[in-house]
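*Asks:* In case you want the letters, here they are:
Number of protein chains: 2
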Amino acid sequence: MKLPYLAAFLFCLATAIAAQTPPEAARKYTAAHRAELVQQFSELLSIPNVAADPGNLKRNADLLAAELRKRGVDSRLLSLPGAPSVVFGQIDVPGAQHTIVFYAHYDGQPVTPSEWDGGSPFTPIVREVNGEQRIYARSAGDDKAAIFAQLTALDALNAAGIALLANLRFVWEGEEEAGSPHLEQIFNANRDLVHGDVLLVCDGPIDQSGQQTLVFGARGDAHLEITVYGPHHGLHSGHYGNWAPNPAMMLAQLLAGMKDEDGHILVPHFYEGIEPLSAAEKEALTHAPVNDHMLMNAFWLGHVDGAGAHLLDLINQPSLNINGFSSGQTGASAVNVIPPAATADLDLRLVVGIDWQEQQQRVIDYIRSRGYFIVDREPTQQILLEHSRVALVVRDEAGYNAVRTPMDLHISREVIEAVKSARKDVVLLPTMGGSVPLGAMERAAQTRTITVPIANYDDNQHAANENLRLQNLWEGVETMAALLDMK
Amino acid sequence: MKLPYLAAFLFCLATAIAAQTPPEAARKYTAAHRAELVQQFSELLSIPNVAADPGNLKRNADLLAAELRKRGVDSRLLSLPGAPSVVFGQIDVPGAQHTIVFYAHYDGQPVTPSEWDGGSPFTPIVREVNGEQRIYARSAGDDKAAIFAQLTALDALNAAGIALLANLRFVWEGEEEAGSPHLEQIFNANRDLVHGDVLLVCDGPIDQSGQQTLVFGARGDAHLEITVYGPHHGLHSGHYGNWAPNPAMMLAQLLAGMKDEDGHILVPHFYEGIEPLSAAEKEALTHAPVNDHMLMNAFWLGHVDGAGAHLLDLINQPSLNINGFSSGQTGASAVNVIPPAATADLDLRLVVGIDWQEQQQRVIDYIRSRGYFIVDREPTQQILLEHSRVALVVRDEAGYNAVRTPMDLHISREVIEAVKSARKDVVLLPTMGGSVPLGAMERAAQTRTITVPIANYDDNQHAANENLRLQNLWEGVETMAALLDMK
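Chains A and B, in that order, give the protein sequences.
Note that the working numbering has the first sequence beginning at 550, numbered continuously upward.
Note that the working numbering has the second sequence beginning at 550, numbered continuously upward.
Any given hint might turn out to be false.
One copy or two, either will do: identical chains are not told apart, so a pair holds if it fits within one copy or between any two.
[Stated by the list, open to error] With a cut-off of at most 25 Å between alpha-carbon atoms, the simulated SDA-like pairs for lysine to any residue come out as follows:
#1 K607 with S591
#2 K607 with A881
#3 K607 with S882
Just so you know, the hints here were simulated from the structure itself, not pulled from any lab data.
All values derive from a computational prediction rather than experimental measurement.
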């Protein structure tokens, strides 16, 4: 090859390298390191991360802080006594115009190992399902996937020699699944560290169509646990049946009155105060895929609630869900008894305009309107004898409100543009159905939030056999690379 | 002492011995042997006797057959493959006019050891409660008490030299708590052995007033297990709440429609066919103690079902009881999920005139009327997709009907008289609330039944911390002695 040709070739090569976009760099990197990445992700997933096990939560936090340091990120733990630490990382770029904060969480929902195929939520395993590889473990999707994608995207950008342009912050929480009771306090104590132009909440699943999704808000969340009382101890259902009130029946009657058969909530005032969607938000919803029929098939559902409304419209409404109820025994251990009590756990999801504590109060007021005397601790014999019906209602104090960031803010448009550089089709949604404590983050970090999920919708989040489609991980690394390299 | 005086003394002594009634002999005997009797009863209670443990059921049966033999009773096991044996004992008295059959059962309800104080239902323990001694163990009241009282009464009569006057039969079953699925077949195969003028069902608790009770019938019993379906697997309650139907709510709505707030059953036709009480039965009820207020205090009940009717009237009606329901998780392990299914176990008690299978069918017809497609096995994806609501209803096949023996039969009057010789106050009830498979016994043994309970009403029968008040045991031995010595 003659010299001028060689010079021209080298120039083109250099240009090609320079022209490699962050998503392209990420794609090459993950393609070249798949086995090794799956192994590293498995190691992260094998550390138990449930609230009942603070020792292992600490192991997760220490490991993640070390992983950030390995990549040259200034990292530390932001701690409060009695709470899992927030893993914090900081990259400052001289002359940067923006500071982008990446939120995710390393804790997972409680587990019932016997419900998992294989019996262990913390022994990750890759299985092929319908020709796709998925990794199974607690938090595979929710939410260690996001953390691992960010770490891997940093490696990919570094390997390709792509410079970072903005200041970056990593804020990885350890008690999101417990309702983030200390996050606001930790943010307030570290306001300068966590403040940025936008806080990207990297959590939750993408649209069921499989398209990358950006979500500009999340429903709030509040819980109530309701217990109603029958006889002081289990009574023979023959000798006292028809006479001693059955608490399971009382609870059934109470719960049944909360919804009609279409799922419309009958608790008085439940829908009052909802802030309507803007024109831009309504417009975005009309472009979003309609997956309802596909989902009914996937979930074996012969009918759905909502009187014909679409899923995406329904999650812009507040909800009331029975997480569980129990009374006496069922199945092989059922006995002929009038049980002493019956309990239900309710999950209330909220939309912008409704306060979480007021929503709890509306349910409590409804219970009272059904003739119940409400107590907040185990009732005494005297209280039970003095009132025909008594309900113990425990308000979970870790609730929070919904928030929504306008889609047409300058920073919103920049984030949309970055993600569109990584993925061809992007679904824009005003609200996700799930909840993240966005309001507390926004107040404490004085910023706005946009949610960037990467997990497959069918990841069994919060249930047994949680999993992540590996293809979602690889594409998630591309999306994260684009966002890490924002201006 | 001079001879005439000595002769007079000996004559008086002999007269006193001869004049000793069976209840008096029993009272003297138990008073003289209390510690020893408690020890022997404890040994019997320490052998586990639940259906899931056939090996130990067999140990119970072998021991009881041996105890009968020790007392000179011709005894054997009446067996069928796959079923616990009936312990049978026979005493023939030359020239006897009557044959009296004593039924009891040696099996107990399933146990959940963690719910018991002390943690073991098969380590009997005597505790003093409000100045009374009680023995705690599974079956202390239901129903080893009756068996042990009969064995002890035989010993007492023997010790006092009191001759038996009637032929006696002992029939002690081992699967009453499982619904006696084989009892009729065993009786049919041994009809000559179990036939008598009356079959005394020695089971259940006495009246809550503490007075000895005779009951001339028992409610029948039938079970149904109902499961309704939500999504195929647990779904995130945020992402799908408001859209994916919640099976706990569906089940609550279904159950709530079965009763009004007074406990009146709304299942169509549920009360149809009831055979009214006779004048004698109504009359007996007017003399029965009214314990309702005392029981409400004892059970910490601020209200009762039945719109003001008394307990004793209400147990002459059919009942519908939720033994238990469950869906998802509650308490510390509750997660934010739409559970895949919800299950309730129903116990239907029946009175004379209502067929148990027809009563099950009435409930099934009601479920269907609420829009459910009924299946009798786990539904497939296709079935779930083709029907908006699907309910799996499992009919327990071990149900049976109620029976009542008229109180004015000759043999009824003789039994009443014998028991009144032992106890001053005797409550006569047409029907007990609980169920015993009396109909099968009556058909197969071609006899009538009268129930003679001895346990205290507050024996926690069918629940944790089952117990027997020791005073009930001693009085029960007196009652049994009177019945064993009937003409």
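*Asks:* Are the hints correct? Go through all of them and say.
*Replies:* Checked hints:
no.: 1; hint: K607 with S591; result: within (18 Å within a copy, 51 Å between copies)
no.: 2; hint: K607 with A881; result: between (40 Å within a copy, 21 Å between copies)
no.: 3; hint: K607 with S882; result: between (39 Å within a copy, 21 Å between copies)
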